[in-house]
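A.B. asks: Converting from the sequence shown to the working numbering requires adding 21 to each position, the first position being numbered 1.
If you are wondering where the hints come from, they were derived from the structure by calculation, not from laboratory data. Only a predicted model underlies this, so the values are computations on that prediction, with no experimental measurement involved. Each residue gets a CB set at the ideal place from its N, CA and C atoms; glycine is no exception. Check before you lean on any hint, since a few could be wrong.
[Claimed, not checked] Per label pair, the in silico range of CB-to-CB distance:
1. 111 <-> 68: 40 to 50 Å
2. 112 <-> 69: 34 to 44 Å
3. 68 <-> 108: 40 to 50 Å
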Amino acid sequence: VSRDRHSGTRILLNLLLKQQGLAEDSINRTFQPEFTHTAIAAFVASGMAEIGFGVQAAAEQFNLNFIEMASEHYMLIYRQDRMPPATLRYLTTLLQSPTLVDRITGVSGYEPDRPGEITTFDALTAGTT
Numbered sequence: 022v023s024r025d026r027h028s029g030t031r032i033l034l035n036l037l038l039k040q041q042g043l044a045e046d047s048i049n050r051t052f053q054p055e056f057t058h059t060a061i062a063a064f065v066a067s068g069m070a071e072i073g074f075g076v077q078a079a080a081e082q083f084n085l086n087f088i089e090m091a092s093e094h095y096m097l098i099y100r101q102d103r104m105p106p107a108t109l110r111y112l113t114t115l116l117q118s119p120t121l122v123d124r125i126t127g128v129s130g131y132e133p134d135r136p137g138e139i140t141t142f143d144a145l146t147a148g149t150t
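Based on the sequences and whatever the hints tell you, model everything.
C.D. replies: Written out as structure tokens, the structure reads:
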């Protein structure tokens with residue numbers, strides 16, 4: 022079972038397949054894509070699918086085995102000319118707050134390694150962050 026074709030998860034799976042020299046259509050998938058990680062895990066847990074590609078937290082929710090295949094970084098992206106400095110300061114403070122960091126750390130498979138860190142798109146794409 023697989024996520025919908027526009028999801029980041031599906032794009033990542035297709036990239037991993039391509040890196041192994043496999044075509045996107047080389048694996049069997051259900052005809053109906055699912056829209057959440059929880060739905061993918063539920064399909065596998067119910068026996069309606071043999072495997073699914075998703076996040077650790079959803080797999081653990083259904084007591085499924087999980088094999089890590091990749092890691093991702095999530096970022097809050099904004100246009101500097103449209104973000105008032107006070108709003109940016111508030112968001113940065115919130116993202117760095119011990120309460121939020123602890124909550125994220127408590128979700129299996131998630132690790133807030135640089136919360137609230139500000140960088141530029143150029144630095145990010147150049148790999149200098």
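A.B. asks: Hint by hint, note whether the structure agrees.
C.D. replies: Each hint tested on the structure:
In this structure the hint that residue 111 and residue 68 lie 40 to 50 Å apart at CB holds, the actual value being about 47 Å. Checked against the given bound of 34 to 44 Å, the beta carbons of residue 112 and residue 69, roughly 40 Å apart, stay inside it. A C-beta distance of roughly 47 Å is found between residue 68 and residue 108, which places it inside the suggested range of 40 to 50 Å.
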